[in-house]
Amino acid sequence: MSKLKHFFRSYTLKDLLTGLRITGKHLWRRKVTIQFPEEQTPQSPRFRGLHALRRYPNGEERCIGCKLCEAVCPAAAITIDAGPRQDDGTRRTTRYEIDMFKCIYCGFCEESCPVDSIVETRVMDYHFEKRGDNILTKAQLLAIGDKYEDQIAEDRKQDAKYR
Amino acid sequence: MLDIIIDFFIIGTKIGLILLPLILAVAYTTYAERKIIGYMQMRVGPNRVGPKGWLQPIADVIKLLMKEVVVPSGANKGLFLLAPILFIAPSFAAWAVIPFDAELVLANSDVGLLYILAMTSIAVYGVIIAGWASNSKYALIGSLRSASQIISYEIAMGFALVGVLMASGSMNLGQIVQGQEGGFWHWYWIPLLPLLVIYWISGVAETNRAPFDLPEGESEIVAGFHVEYAGISFALFFLAEYANMILISVLTALFFFGGWLNPFQGIPFVEDITGWVPGMAWLLLKAGFFLFLMIWLRATFPRYRYDQIMRLGWKVFIPVTVVWLMILTFMIKAGVGPWFSGRGVF
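So the protein lines, in turn, are chains X and A. Residue numbering for the first sequence follows the working numbering, beginning at 1 and increasing consecutively. Residue numbering for the second sequence follows the working numbering, beginning at 164 and increasing consecutively.
Hints are supplied without guarantee of correctness; some may be wrong.
Derived pair list, reagent style SDA-like, types lysine to any residue, alpha-carbon separation capped at 25 Å [unchecked claim]:
#1 K226/A with A195/A
#2 K198/A with L183/A
#3 K31/X with L183/A
#4 K25/X with G216/A
#5 K198/A with H26/X
#6 K5/X with D470/A
#7 K226/A with I173/A
#8 K496/A with D470/A
#9 K25/X with I314/A
#10 K300/A with A310/A
#11 K25/X with K226/A
#12 K157/X with V115/X
#13 K31/X with G216/A
Because the hints were derived from the structure by calculation, they are not lab data.
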């Protein structure tokens with residue numbers, strides 16, 4: 001009996017037709033594609049994208065060269081050299097580099113920073129054109145921070161009460 | 164002498180009139196395929212080049228034409244470059260006997276059916292030569308798989324066509340269609356239903372389409388027999404594959420669905436209001452449906468395992484066709500239905 005059942009099942013192509021019905025239905029379903037550059041998915045204020053170094057409102061860079069981020073970085077992507085600054089002798093970084101190929105965007109650097117200097121912005125579509133461009137220097141990171149400071153400050157403010 | 168030149172010119176023009184729309188149809192079949200599969204996967208498919216992506220196939224063609232043709236070291240250069248031509252020539256040549264309308268056929272041959280069978284199977288040489296001349300193990304494996312698959316399914320396909328031959332009593336494609344004169348219930352798809360299904364599935368297998376696409380088998384052998392091909396030589400394989408898809412769809416419409424005939428023939432009112440539709444439009448509509456079905460299959464089914472393909476071809480299709488041919492014999496001899504009336508002997 002089960003053999004007979006199997007016979008009819010396979011020769012009437014029942015299983016295949018069931019499958020075709022499912023894909024046939026999906027042909028008419030609403031499409032979920034997001035047309036990326038024009039449309040964007042919503043982002044959280046905690047989004048972890050491209051890194052940036054921030055400044056205080058008076059223009060002084062926040063980073064004090066404590067190297068906590070370098071220590072906590074699980075991918076060893078951050079390299080810091082620190083020393084006294086020429087004019088006022090305060091402790092500053094002389095070199096601050098992030099290798100974006102090593103970075104895993106875990107956000108530990110951001111969390112470990114006592115002065116909210118190193119942060120991750122919401123920028124997630126960027127690229128490098130030459131070999132070596134993947135290593136962001138201190139100047140570049142500060143420039144990114146200057147460019148997105150409004151957004152960064154807004155996001156930190158929203159998240160402040162949970163930190 | 165002048166007559167011959169003029170004749171050649173006229174025939175050449177006719178060939179051009181068939182092939183140019185065919186190539187355009189191939190280009191837009193690829194577009195339709197990407198769109199439909201995209202829609203079935205809840206994506207939107209290509210929509211960037213031109214309005215709604217309509218220029219996408221043109222962009223693809225330009226890209227393929229501008230790419231370098233790479234001949235692998237150790238490949239047999241002559242055969243390597245000959246293979247795409249051997250593959251595409253038969254798939255174009257088969258169109259010579261396709262009747263697009265009652266009088267619209269390039270070569271009204273009385274052995275059209277045999278010619279089609281011969282042309283669709285001769286393409287396997289292109290595949291084998293491509294695989295062998297590439298000097299690559301993946302290409303060789305892919306071409307062997309393709310060859311065995313084409314040959315296995317050729318038998319079931321041939322048997323299915325024997326059914327058509329018995330039903331119509333003619334090998335002339337035009338006469339096969341004319342034998343189905345009358346409304347859609349006069350067409351051969353009713354008495355030949357199992358043969359239709361087998362012909363269709365074998366056709367899908369012959370064109371190496373999903374779910375029978377293990378000659379390409381991306382996950383195991385990269386792209387099968389055309390791994391080593393790039394640029395225009397790859398484009399020829401691609402073109403031939405899609406031309407074959409369209410050919411199989413058109414043939415199914417011709418053999419089982421009354422080709423250019425109006426489906427509403429003989430229904431008093433509907434026949435009058437659809438009478439103005441040209442025959443070619445009906446043929447294209449029917450073929451278009453089967454083309455859509457082929458794409459639908461690809462969006463639905465996973466790839467068969469190799470032994471399953473061989474089992475299906477040899478142990479299911481061939482016996483079923485043989486059994487149905489016997490049933491068909493009785494049906495014809497008994498003069499069943501609107502199809503074989505007047506041919507009964509009882």
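| query | Is the straight-line distance between the alpha-carbon of K226/A and that of A195/A 25 Å or less? | reply | holds (19 Å)
| query | Given the hint that K226/A pairs with I173/A, does the C-alpha gap stay at or below 25 Å? | reply | The hint is violated at about 33 Å.
| Are the Cα positions of K25/X and K226/A separated by 25 Å at most? | violated (34 Å)
| message | Need the status of pair K25/X, G216/A: alpha-carbon distance at most 25 Å? | response | Holds, because 23 Å separates the two Cα atoms, which is no more than 25 Å.
| Does the alpha-carbon distance linking K300/A and A310/A stay inside the 25 Å limit? | With Cα atoms ~15 Å apart, K300/A and A310/A stay inside 25 Å; holds.
| field | Pairwise hint evaluation, G216/A against K31/X, where the allowed Cα distance is 25 Å at most | value | Holds: K31/X and G216/A sit about 16 Å apart, inside 25 Å.
| field | Proposed proximity, L183/A with K31/X (alpha carbon, max 25 Å) | value | Judged against 25 Å, a Cα distance of about 34 Å means the pair is violated.
| message | Tell me if the straight-line CA distance from K198/A to H26/X falls inside 25 Å. | response | holds (13 Å)
| message | Check the hint pairing K157/X with V115/X against an upper bound of 25 Å on the C-alpha distance. | response | holds (14 Å)
| query | Taking 25 Å as the top limit, are the C-alpha atoms of K25/X and I314/A close enough? | reply | Violated, at roughly 35 Å.
| message | For K198/A and L183/A, compute the direct alpha-carbon distance and say whether it is at most 25 Å. | response | holds (23 Å)
| Quick one, are K5/X and D470/A close enough, alpha carbons at most 25 Å? | Cα-Cα ~24 Å, so holds.
Of the numbered hints given earlier, the model fails hints 3, 7, 8, 9 and 11; all others are met.
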